[in-house]
Amino acid sequence: MIIVFALFLLTLLVITALAIVQTTNLFVAVMLTSIFSLLMASNFFILDAADVALTEAAVGAGITTVIFLAALMLTTEHEKPHLSRRKLNTVVITILASLIIYATFDKPRLGDPDAPVHQHLAPWYLEKTPEYMDFPNVVTAILGSFRGYDTLGEVFVVFAACIGVLFILGVKPPEGSTYNPYRSGLKHHLIPQVVGRLLIPFLVLFGLYVQFHGEYSPGGGFQAGALIASAIILYALLEGEAAALRAVPRSVLLGLVIGGATLYGGVGVVCILMGGNFLEYTVLLDNPVAAQQTGIILIEAGVGMAVCGALLSIFHAFAARPMRV
Amino acid sequence: MIETVVDILSWFLLCTGGIFVLIGGIGTLRLPDFYTRLHAASLTETMATILILVGMILQAGLTLATIKLLTIMAFLLLTAPTASYALANAALQSGNSPNAQQRDDQT
Amino acid sequence: MDLTPHLPALQVIVPMLSAPLIVLLKPRGLAWAGATAVALLSFAVALNMAIAISDGAHYRYDMGGWAAPYGIELSVGAFSSLILLIVTGAAATALLAGRASIDSQIEPDRQPMFYAAWLLALAGLAGIAVSADAFNIFVFMEISSLASYVLIAGGPNRRALPAVFKYLVMGTIGATFYLIGVGLVYMMTGTLNLADMEARVGAVDDINPILVAAGFITIGLALKAAVFPLHVWLPNAYTHSPHMVTVFLAACATKVAIYVLIRFDFFVFQSNFDWHGSHFSSFLMPLGLLGILVASAVAMFEGHIKRLLAMSSVAQIGYIILGASFVTQDGLTASAAHLFNHALAKGGLFLAIAALACHYDDLRLDRLAGAARSMPWTSAALAICGFSLVGVPGTAGFISKWLLIDAALDQGPFAWLLVLIILASSLMALAYVWRIVETLYKKPAVVQPSSAGEAPLELLLITWLIALANIGFGLFPQFPLNLASAAAELLMGHAL
Amino acid sequence: MNLLELLGYFNYWVFAIVLMVGLYTVIAKINLVKKLIGLSIFQSAVFLMYITMDKVEGGTAPIILKGMEGNVFSNPLPQVLILTAIVVGVSTLALGLAIVVRIYESYGTIEEDEILDAD
Amino acid sequence: MSADNAIVLALCVPLATAAGIQVAGRISDNLREAVTLVGAVTLAWVVWGMLPALFAGERPAVMLGELLPGVALAFEVEPLGMLFAALASGLWIINSVYSIGYMRANQERKQTRFYTCFALALAATMGIAFSGNLITLFLCYEILTLSTYPLVSHKGDEHTVRSARVYLGILLCTSIGLFLPAIIWTYHVAGTGDFTLGGILEGHIDGADIGLLLALFVFGVGKAAVMPVHRWLPSAMVAPTPVSALLHAVAVVKAGVFSIAKIIVYVFGVDFLFAAPSANWLVFIAAFTILAASLVALRQQNIKRLLAYSTVAQLSYVVMAAAVLKPLAEIGAAIHMVAHAFGKITLFFAAGAIYTAAKKTEIHQLRGIGKRMPWTMAAFTIGALSMIGVPPTAGFVSKWYILAGAFQADNLVAIFTIIASTVLNAMYFLPIIFMAWFAKEPSGSKDHGEAPLLVVLALCLTATLTLGFFFFNGPVIELEAQLFQGATQ
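Protein chains in written order, with my numbering: chain A, 1 to 325; chain B, 1 to 107; chain C, 1 to 496; chain D, 1 to 119; chain E, 1 to 489.
One or more hints might be untrue.
Said to hold, decoys possible - Subject to a maximum C-alpha distance of 27 Å in a straight line, what follows is the list of computed DSS-like cross-link-like pairs (lysine-lysine):
{"hint": "1", "chain 1": "C", "residue 1": "442", "chain 2": "A", "residue 2": "87"}
{"hint": "2", "chain 1": "E", "residue 1": "371", "chain 2": "E", "residue 2": "360"}
{"hint": "3", "chain 1": "A", "residue 1": "172", "chain 2": "C", "residue 2": "443"}
{"hint": "4", "chain 1": "C", "residue 1": "443", "chain 2": "E", "residue 2": "371"}
{"hint": "5", "chain 1": "C", "residue 1": "26", "chain 2": "A", "residue 2": "172"}
{"hint": "6", "chain 1": "C", "residue 1": "443", "chain 2": "E", "residue 2": "110"}
{"hint": "7", "chain 1": "E", "residue 1": "440", "chain 2": "E", "residue 2": "359"}
{"hint": "8", "chain 1": "D", "residue 1": "66", "chain 2": "A", "residue 2": "128"}
{"hint": "9", "chain 1": "E", "residue 1": "440", "chain 2": "C", "residue 2": "442"}
{"hint": "10", "chain 1": "C", "residue 1": "442", "chain 2": "E", "residue 2": "371"}
Claimed, not checked - Chain C residues, not near chain A, derived (Cβ > 10 Å throughout):
{"hint": "11", "residue": "28"}
{"hint": "12", "residue": "56"}
{"hint": "13", "residue": "57"}
{"hint": "14", "residue": "114"}
{"hint": "15", "residue": "159"}
{"hint": "16", "residue": "187"}
{"hint": "17", "residue": "285"}
{"hint": "18", "residue": "303"}
{"hint": "19", "residue": "412"}
{"hint": "20", "residue": "417"}
{"hint": "21", "residue": "439"}
{"hint": "22", "residue": "456"}
{"hint": "23", "residue": "457"}
If you are wondering where the hints come from, they were derived from the structure by calculation, not from laboratory data. Think of the CB as a built atom: it goes at the ideal place given N, C-alpha and C, for glycine as much as any other residue.
Please model the entire structure based on the sequences and the hints provided.
Printed below as a string of structure tokens:
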């Protein structure tokens, strides 16, 4: 039965992708992209990838749409319909498509248990996680400890994006672009404000739940950071930029990003100082399992702080930028 | 005995919820004006959600899942009308007036 | 607390973890000082490892204490230590020399972030060179790309922005192609560790996905390495970025992508499928040759001096690819040596141009006429590095030219065609280097320099240091040559 | 080719099609924001490919609760890789949009041909 | 002072002189000239000091460093190199004396740069003379090209820069384009590039490849000005006369021809080439160059261009003599290098003197100049006779040996070319001599005396050398004979 549902979602996915390409109104395209992400998230859920579904929904649908809309606000909303060198593109596309389709015929069928992927590393992880880390979520275990170095790289990608956006948009906008920081926000709309004010605390609470409950259920630093960031962005949309910046000033955000990144790196360096390899949590405490858990909780906190700070400072860099009227 | 009654009841609720979603979908497509379409869309969000969620609660019985379903229902019932309100308000501000004669030229 | 076993990890952590701290150093000049200190420290680490490796050591490091295929493993051999030397050396020299030039191009309040992005780029490139895990290479490739987009976007005039946008789009497509390739190989072998992958690829029976994976990885990395047909992003990106960024990126950014391409192809694919060697060379050799000829020809008629040198970079990358595509011990030694020598020559050239830019705002060649009279030392250094680029004997370029032709000679029937093309392009290189030198020295001055006098002292000193290094490594190339031949042995011997 | 067989390959074909749609958008469209949208679709397709790898028939999400050691789990490794890749995609997107905003401010347009004419 | 460190000294003295000139140039002109002369004399003393060791049959050698595995910077003195070095260092002294007089008279600017580059060129020439293997030869060859470029583009006006670009373009293109691949091919095939008597290519290479490799070498060494690559020589005439003297007689062309001779003797080996059928095209090319250059020289009006084309012809004499591949002819080639050097340097000095004194450059202006400048024209006549090969001058000795070698190899082409070119030489030199001595001076021409003393002194010195070499060529021939122990007198 689940198969029919999966078929339905995948075809819907393709239809949305084609629709995105066709529309010339960028606003519609962005909305369709967020629908595309949600469909992708549900697909991931059907394929048993709960963590990835949550991330895709929070980061893919949530934050990407916000950033796209902020960018559209600062530029134009309409695309000039124009197709450049059609023939060349179609030729390149057909060649690549045929290349990939050619490769799909020998791939193991979806879900067949004796595919090489399931023989080598996966069983070791599934067997060793309860033994070394003694908590259910294997994905967080791999993310935090077995392949912790990747996640460190990941945090620094987010950090690079954050300082990149601040660096690029650090330039003074062209003169003649007016912006009234207090104009934005739905001040005179009572209902959204009331509902918003009611929702935001629960959102933050849910974000923190995801952050610290990552070992037991799908969750972790990335998803938590995105959720908390979306809560504060909702606050910014409702109360206006100035209120949001007063609530969470830019210096705090930068502190969050730098603190998160340094916390993660610091944990690794402490492991070296205590005699283990980089990011080897077993040396942190005498009991290896407790050490692994504390290590993972610490770095997940670092990741959460970094992602939340980065996404928020990116949002503020776009939202608080005076527009060219 | 009780299970069969609960099953039939939840099955019945789920079906009506499904039908309501179908009606909402058709309404969004067929109705001429933005506001009427918005009206149909908000139908699915409120009525159909309640029916489907209650149906599922009956299925789940008194477990952790029921509490989660209840929180989802509370969350949806809170945000869905607000979203429709915001949509309608934005449409009004961007000059899409809902008065009568606009409907005629569209048919 | 002996740190030597941790060197591979330190090589990446030192620049990476200090990047966030540099952002906090707001007061003037402190950010530059911090960044330069960190760059020099990482150069010291790289040098330490290179010396240990040149007499036989081989660093292997398990991240997080987990054994190889399960955790992420770092391994530094001869080839990676050569690349590390180039990357950290280029970063350190560019930072040491670049203070005045960066001050003039980036506003003071944005500088801490600029230097943090610089360190991230350095950490990313070092991370790629050090890592032995396919997906880990992708993550660090992303870090270095993002950081270099930020660096290039710092360019003063507005044309830097469309250039960096094109680079971003093409770079991301390249990285995603690489990701698809790694995914396909992972799908068929179940592992991400390179050594483990090499062991298991042979056992795979239906090899179609592996071939397609090899195709994707080669195209993706060729895009990142600006190999000939996919190089369109490079000229604009290098021309409009700040001068010091061009020095840093021109010396090492594309070379790391070539390093990954060669390492991936020789270890994972060629060790298991011996006919893949001919696939690799039959695909890349024509690209290399075409790249050499077309890029040199375009460079000969280019007006803007930085774009001219950027096109010459594309030609020199063609040389490196050509050397690798011989799939012989000598060929690989030649291409590894050229990696090093080209970094020296091109780094020196762009440093000299940065020095010129201190007094000449417009860098079009005819505007720079007669620059040698007002800036004799800079022009002399530029001439030396130019001759090293051409391969005049006594300079580093000559060594790699010699090795390349020597390797090309035993390429069987069409050896002569190869030698002919290599010589034709070095003559074209002679033409465009001579065009620069002659305009600087002989032509009467068209535009008066905005401010008189020579370049700032530390920039001039470093430029001359690099120029003398060009000659030094031209006469006594033992150190990089040992690393290059050890690397070639490693690659052909298929030991990771 | 029964139903399960079909679905087995259907995922990969959807991956191929969405990948090509993304690539086409990036290459053919000249609006910079549309290019970025195409880029994010292109990357999402790759995520789909990785995640189709991890599904084991009859397996559930790799969360080994106390009482469930016995049954079959899906492969957790691709999920970890894709978690990283999603955030990489978003970071590149954010940087791309910042550059597009700056381009709009200095050129007044985000159509590639108008930008090229301006220089 | 052992011969080994004499080589190193021979390389360092000109470099030290160059540095000294740079320093002295800032202080005063006289000091700079003094440094040049002292440098030239010490170099000559060091180089000539090595002669006794050479006569005793020693081969002093020194190895500087290993460039690549199997490729090292090494120097080794052998008779051919010794002759060339002695010639170059000797003529440097005379050329310095001449250029001091010439530069003073014409108030040329940037003289410090002139003398420094001169000294650098000499250092490179010493390097070429003493090079022990192909890579050292190539390295010094390139340095010679680069150091002579500022000399050729001395004037700095548009015309000079363009012709200097032609000069550098051809030389660098041929060296990188043809000479370098030839060297790499030799190293690749023979495993080593060291100069060993009897050649290193024995058995490593055969058939058409020998001809191809020889062609790469001959046309790669652009300085030997064999026909298709000779274009740079006439265009280098824009340089002041002392530089042309340097180019033609002392260093540049001599280096080219010397390299070819050395490659033929030490890389291919005389008998190896003689046996190879695919290598006998060299004589034809050289013969063609001699005849064509002499014919072109006939039509020249400008003195220096005439001398340039005559040099192209004379150089191909040496190449042809080397290509006859007989011991006697090889000796003839070496001697012709010396004879041509003396003769041509005298002619150039004379042309320079005429230009300094009377600012005349065209041949038709020389009518009756003999009366006004007797010493200069006497030297000019001796030089011209030496070019033709009339007995009392050095030219006769070398042509004698080349003819003997040709007869020994009964190479009809060589014999015919020598005779025809002697006639052609006579046809373009004798009219100038007659016009200068016996023609009547056109009325109203500016009256001018002899050239400055220093210039005339240098002139006469080289003229006597040309005559002297006819009588005292014993030691030179004996030195060269060492190359071919079995060669008859």
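Status of the hints after comparison with the structure:
1. 442(C) - 87(A): Roughly 49 Å separates the two Cα atoms, so the pair is violated.
2. 371(E) - 360(E): Since the Cα atoms of residue 371(E) and residue 360(E) sit roughly 15 Å apart, the hinted pair holds (cutoff 27 Å).
3. 172(A) - 443(C): violated (41 Å)
4. 443(C) - 371(E): The given pair, whose Cα atoms are some 45 Å apart, is violated under the 27 Å limit.
5. 26(C) - 172(A): Status holds; Cα separation ~18 Å.
6. 443(C) - 110(E): holds (17 Å)
7. 440(E) - 359(E): Since the Cα atoms of residue 440(E) and residue 359(E) sit roughly 19 Å apart, the hinted pair holds (cutoff 27 Å).
8. 66(D) - 128(A): holds (15 Å)
9. 440(E) - 442(C): Judged against 27 Å, a Cα distance of about 45 Å means the pair is violated.
10. 442(C) - 371(E): Given pair residue 442(C), residue 371(E) is violated - Cα atoms ~43 Å apart, limit 27 Å.
11. 28: holds (16 Å)
12. 56: For residue 56(C), whose nearest Cβ neighbour in chain A is about 23 Å away, the distance exceeds 10 Å, so it holds.
13. 57: holds (18 Å)
14. 114: Label violated. Min Cβ-Cβ 6 Å, cutoff 10 Å.
15. 159: holds (15 Å)
16. 187: Non-interface label on residue 187(C) violated, nearest chain A Cβ at 6 Å vs cutoff 10 Å.
17. 285: holds (21 Å)
18. 303: holds (26 Å)
19. 412: Residue 412(C) is indeed farther than 10 Å from all Cβ atoms of chain A, at 31 Å.
20. 417: holds (28 Å)
21. 439: holds (34 Å)
22. 456: Holds: least Cβ distance 24 Å, greater than 10 Å.
23. 457: holds (29 Å)
Consistency note: the structure conflicts with the earlier hints numbered 1, 3, 4, 9, 10, 14, 16.
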